[in-house]
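Undergrad: So you can see what is in the structure, the chains are spelled out below.
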Amino acid sequence: MQPMNHQLMGYDRAITMFSPDGRLLQVEYAKKTVKQGSTAIGIACKEGIILCTDKRIVDKLVVPESVEKIFQIDDHIAATASGILSDARVLVERAQLKAQQHKVTYDSPIDTLSVVKDIANLKQLCTQSGGLRPFGVSMLIAGIDHSTPRLYETDPTGIFFQYKAAAIGEAETEVEEILLKEHREDMSIDEAIKLAVKALVTTIKDDLSIERIDCVFIETTKKEFTRVNQEKLNKILAEAKSEARKKK
Amino acid sequence: MQPMNHQLMGYDRAITMFSPDGRLLQVEYAKKTVKQGSTAIGIACKEGIILCTDKRIVDKLVVPESVEKIFQIDDHIAATASGILSDARVLVERAQLKAQQHKVTYDSPIDTLSVVKDIANLKQLCTQSGGLRPFGVSMLIAGIDHSTPRLYETDPTGIFFQYKAAAIGEAETEVEEILLKEHREDMSIDEAIKLAVKALVTTIKDDLSIERIDCVFIETTKKEFTRVNQEKLNKILAEAKSEARKKK
Amino acid sequence: MQPMNHQLMGYDRAITMFSPDGRLLQVEYAKKTVKQGSTAIGIACKEGIILCTDKRIVDKLVVPESVEKIFQIDDHIAATASGILSDARVLVERAQLKAQQHKVTYDSPIDTLSVVKDIANLKQLCTQSGGLRPFGVSMLIAGIDHSTPRLYETDPTGIFFQYKAAAIGEAETEVEEILLKEHREDMSIDEAIKLAVKALVTTIKDDLSIERIDCVFIETTKKEFTRVNQEKLNKILAEAKSEARKKK
Amino acid sequence: MQPMNHQLMGYDRAITMFSPDGRLLQVEYAKKTVKQGSTAIGIACKEGIILCTDKRIVDKLVVPESVEKIFQIDDHIAATASGILSDARVLVERAQLKAQQHKVTYDSPIDTLSVVKDIANLKQLCTQSGGLRPFGVSMLIAGIDHSTPRLYETDPTGIFFQYKAAAIGEAETEVEEILLKEHREDMSIDEAIKLAVKALVTTIKDDLSIERIDCVFIETTKKEFTRVNQEKLNKILAEAKSEARKKK
Amino acid sequence: MQPMNHQLMGYDRAITMFSPDGRLLQVEYAKKTVKQGSTAIGIACKEGIILCTDKRIVDKLVVPESVEKIFQIDDHIAATASGILSDARVLVERAQLKAQQHKVTYDSPIDTLSVVKDIANLKQLCTQSGGLRPFGVSMLIAGIDHSTPRLYETDPTGIFFQYKAAAIGEAETEVEEILLKEHREDMSIDEAIKLAVKALVTTIKDDLSIERIDCVFIETTKKEFTRVNQEKLNKILAEAKSEARKKK
Amino acid sequence: MQPMNHQLMGYDRAITMFSPDGRLLQVEYAKKTVKQGSTAIGIACKEGIILCTDKRIVDKLVVPESVEKIFQIDDHIAATASGILSDARVLVERAQLKAQQHKVTYDSPIDTLSVVKDIANLKQLCTQSGGLRPFGVSMLIAGIDHSTPRLYETDPTGIFFQYKAAAIGEAETEVEEILLKEHREDMSIDEAIKLAVKALVTTIKDDLSIERIDCVFIETTKKEFTRVNQEKLNKILAEAKSEARKKK
Amino acid sequence: MQPMNHQLMGYDRAITMFSPDGRLLQVEYAKKTVKQGSTAIGIACKEGIILCTDKRIVDKLVVPESVEKIFQIDDHIAATASGILSDARVLVERAQLKAQQHKVTYDSPIDTLSVVKDIANLKQLCTQSGGLRPFGVSMLIAGIDHSTPRLYETDPTGIFFQYKAAAIGEAETEVEEILLKEHREDMSIDEAIKLAVKALVTTIKDDLSIERIDCVFIETTKKEFTRVNQEKLNKILAEAKSEARKKK
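Residue numbers (the numbering used here), protein chains in the order written: chain V, 1 to 248; chain F, 1 to 248; chain W, 1 to 248; chain H, 1 to 248; chain E, 1 to 248; chain U, 1 to 248; chain L, 1 to 248.
Hints in this document: simulated from the structure, not taken from any laboratory. Note that the structure is predicted; figures quoted are calculated from it, not measured. Just so you know, even glycine gets a beta-carbon here, dropped at the ideal spot from N, CA and C. There may be inaccurate statements among the hints.
[Said to hold, decoys possible] With the Cβ distance kept under 7 Å, some of the chain F side facing chain V (calculated, not the full set):
id, residue
1, Gly22
2, Gln124
3, Thr157
4, Phe161
5, Gln162
6, Leu180
7, Glu182
[Said to hold, decoys possible] Straight-line Cα separation of at most 20 Å, PhoX-like style, residue types lysine-lysine; simulated pairs:
id, chain 1, residue 1, chain 2, residue 2
8, L, Lys222, V, Lys117
9, W, Lys98, H, Lys60
10, H, Lys60, E, Lys181
[Unchecked claim] Listed below are several chain L residues computed to face chain V (Cβ distance under 7 Å; list not exhaustive):
id, residue
11, Lys60
12, Val63
13, Arg133
Please model the complete structure; the sequences and the hints are all you need to start from.
TA: Here is the structure:
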């Protein structure tokens, strides 16, 4: 049976419903929203973990430094998202609150997986209960748990996996190919940042200005959410662009 | 797939639902409401922040000074809106209450971003829960936080960005072109007001009488919501109109 | 796109829904109900404020003096309505309760704008929440706040404006033309009543008997809801009719 | 636009919805139910107030004296109804409870208007809230307030008016013509009863047996709900019938 | 307009909805369920009151004496039903509970009318609230109040009347004709039982075995719910059958 | 009117709705589910009561002794079901809880009818309330009350009857014919078991292996839920099969 | 009647609804989701119980050891699932919580059947209540209760059975054939693991790398959830593959 049939017969017009071949169409459509979102990349390595995203700012009147696409959940946990930004914010604020409550209650930092599970459970609920739509957002959540860097991806279904390196958004497929070839677990944080920027340059090309990049790292030892400074990012971007030009 | 198909197949007739290409059509229609609303302009500069709106009063029996399209959220925060006015009022009153509660609870003024996030979260909720429609309104929210002027725009989706200068409503595109060309961060509040009035004159033309303009500024130093007095506004309008005539 | 399309495609059959061009059709239909309602006129002047309405009693068995279309909200506030009368009553009783509660709680009279905002907020809610229809009623609310007469109009959307003089109901457009030409802010209450009665005569013509008119004034100094006595009203009506006849 | 269109397009299949010309069709259909109900008549005069109804008993096995179509709300208040009888009972029992509560709380009888407003408000609610249908019943409510007889009629919309004399049900129009011609405010209670019975005879003709008539009066002085005794009613009916025959 | 139209246009597919001619179709369909139910007969006379029903047992494996179609509500009140048996049971259990509560609270037996009104009100509610269907059952409720026998019938609408004698179910019309001809208020309980059995024989004919009859009487003096013993019933049935045969 | 019409017109697509001929179609469909369920048989006799069911295990990997299709509600009460097994489990667990609560509260065993009524009432509710579907299950409930064996059957409607012997599920009609011919109230428990097994053999034939049979008896004197041991069952099955072969 | 008809007539577009032939189509569709899930195998033997699953990881960037498809419910209970993974997680977390609460409350381990019943009841609820969809997941739950190994399977309906050996997911049928032939109750845990791996190799073939297998055993004596170490698994997989190659 072809997708067109499903549409004509209305299986995709109620959230909490299976199509005759066992699919949840509303959830599949939500994933398409994610595929149209801006690209975000996460890389785990021994030294720590990095997130690097395309802010995709096209309006020049926007204050670029105000646009943060990478959110601090806790000192040791960062998150980014592709898809409906306001959906992402709801999930991020929930995670921030949960992390804070954990710290107050147990006097110890929350582990990354607990944050991921909480977000994933809320997402699952929105695929099963009537009167709600699925969240139109995939997220990369990166953290250091007891000196181990961890990177998770969760999609609109509420499924999550741990990754060595991952990409979400419009350039997901292209970036993952690059990551697969060039990611090494023993790379340094600096090398990971370079790899991520290179992947963005490859997919966005010349449109990628410094204002569009948001990049954050957390070192395994320090466990501190740190934004990469502009100077350094500028240098890395310049190198990546010149390298890309040579290839042609 | 073309929009017409979506309509014929009913994807736009339930709020909490994705279309097969991952869009939330009801939210997109709500944005059209905003595009039909009267124009509102916000400009941030070092000296402070200004909001300037077309009240679009056409009924001569209305008491023009009673029509305020720029609302005081707190001493240091102002807001304006385009779209369904009664929707805007609900959000403004909520923001006023939140600001007041913050003052009473913490004995310090609320920061602008907290107000923006609260409004944006309510808007997001109305795009995800059944039985509610999205808010048919975009807002400009301007405030001074610790001597820094900030200007935010939030749309029916619940997304928000910080802007150097921004416009919403029917003349959004034309005004933003003007702002992009002529906005400078080191302009004075007086220059910002002139720029905003000029932009309104350019788009509304001779129909723009003094009664249709509402204009408010907050100085970085004083942090006081202040309406521009009629005399001054009259002078600026006259200049802008004469300038516009010369151009022809 | 033409209205017919909207109807065929069902955008007007669920309240909390936008049409593809960004309209809330159920709210627009509710406004049509108002346009079929009986005419009501409000005039503000220095001496105070008047409301004058066509009771539109056609059934001769009705006790005419029992039919009040102008409601006392508080000593200093009056209201009238066009559209679905039972909808209006719900709003009037809510306003009366709110005014009473204010008096008891703060030991001072409520200001007119607070009453207006409360009614408008309830109306807005009924345009956004599923399971409720919009209120099919527009209202004129007139009051004296600290020696200043104020006249507000609120429509089914929940929007409100302050007017110098206003009309609602079937003859809205004709009456507003008359008001625009002949209203002066320095007219006396007596002159305002005459203007209102004249406007009713012009639109209803000979069908306008004394039994059909309800007229109330509140003087700026006394702040007392007062019904115009029959004798006076009779005289004014006679004059207005004879004047109207001369014009022909 | 013709009613047929409304039906074809479904505007009459959801209660809380306006048709494009601003009508609430479900409420209009409920009024048709009333027009098919048995006739009920109320007459106010100086001496007091009377209600007279056709019980429309056709089943000879029914115990006629058990069928009361005129209900005692309180000592000084009576009510009757046309339309869906079980709907009427719900409203009558609510009114009886409200009257009783008032007596207990304030140690004084409730005034008729309070009873009427309470019923009318519930009716209005059922025209605005989803998940409920309008009440399919019109009511005549008659009472003596501080020596003044009052007669109210309320319809499915929740609108009410005070009448000198009124009729509801299938013969409404014919009876109201008779009332308009022959009602005088200074008629005695006996004359009022005769007028009501005559009106029933005129419309129901020979089918009107004594068992079908329910008739109650409340005297202004005594304020006591009193059923007219069978003997008297029989005599009046005989006279009315003979008079009717002469006219032919 | 013909019923077929209503069906085609969907007026009968939502409970709380009027058709354009003011009917509640779901309630009318519920009445059809009753018309397909087994026949039940009630007769009031001076000596007391009887209920007699066809149990309509066709399955020979059913324990006939376990099937009671006449329920004891209280010592002095009995009830029977036609239509959906499980619906009837819900109403009977509610009535039994109400009677018990009354006895405990007031230390006196409940009157029959209170029981009837309570059942009728619940039935009415189910014709007005969304999310519930009407009760598909008519009931005969018979009781002795202060030495007066009373027999009530209530239908799916929630309407009720007091009867001298009444029938519900498939043979309603035929039985009522017999009752009309032969019922006398001064008949003895024995004569009433004979009349009821005769009516059942006339309509069910030879299929009416002793196992299918349930018959209960309450004497005005004793006020005790009593089942007619099998021996007596057998004799009456035999007589009735032989009489019926002679008529042919 | 034919069933097909009902389907085309949608009367069977909302649970709480009557069709124009007064039927509840969703309940009728639920009964079809029962007719496709595995066969279960109950027989009451003086010595006690037996239940005997086809477990219908076809998957050889299932642990046959773990499959109990006859459930112990209390020491003296057993139950079995045909239709949706998970629906049955919900009802069985509810009954077990109710029996336990009764024992704790009153220190005496619950009677079988109370258990039956509780299950039947929940079933009725699911045929009247929106948002729930009818239970797709019929049950046989067997118990000993004060030395009297009782066997009840309840269907998806919530109707129940007491039986001498009964069958539910796919072979209902065939088995009931056998029961009707061969059941005697004075048969022993052993004879009842043999009769039930014989009926299963007749309808399931050679497919009926010992693993598929679940058989329980409760003696009137001991009031103890007892499973028939495999050895005995094996012998009875062998006899029944050989007898069946002879008949051919 | 053919399935196509059901679809055309909409019986499969509301969860809580029977089709005319007594089926719950939404539940049947949910079962199809399970049939598309990755294969999971459970085997019970005297020595204990094993679960073995295909993790079906295709993305090489996923951290394979982080993907656990077999979940620890308690020390002595393990579970795995096929179908929608996020649905499974909700059920697993519920089971873990229930097990923990049992330990705290009764100071003894929960038995496996209690865990199974709780999951099955929640699944049943989601097939009967409106506003929820069925869980799109089948589960294998394995535990040791008082030295007895038990293996249960529960499907989307909420039905469960105890198995000697069972498979769910895409290769269910093929694997069950293998299990039926080769399973013996007296096999050792090692033999059971080999049998399960062999079955996976047979169905997945060369695609089955060591990273895709998750395998857990619980010994009857130790009652400890234990993951099979990679070394051992590697060896078993190598053997199974070589054996498979020989067969060709």
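Undergrad: Take the hints in turn and mark each one as holding or not.
TA: Now the hints, each set against the structure:
no.: 1; hint: Gly22; verdict: 3 Å, holds
no.: 2; hint: Gln124; verdict: 4 Å, holds
no.: 3; hint: Thr157; verdict: 5 Å, holds
no.: 4; hint: Phe161; verdict: 5 Å, holds
no.: 5; hint: Gln162; verdict: 4 Å, holds
no.: 6; hint: Leu180; verdict: 6 Å, holds
no.: 7; hint: Glu182; verdict: 12 Å, violated
no.: 8; hint: L:Lys222 with V:Lys117; verdict: 31 Å, violated
no.: 9; hint: W:Lys98 with H:Lys60; verdict: 54 Å, violated
no.: 10; hint: H:Lys60 with E:Lys181; verdict: 11 Å, holds
no.: 11; hint: Lys60; verdict: 6 Å, holds
no.: 12; hint: Val63; verdict: 4 Å, holds
no.: 13; hint: Arg133; verdict: 4 Å, holds
In summary, the structure is inconsistent with hints 7, 8 and 9 from the numbered list given earlier, while agreeing with the others.
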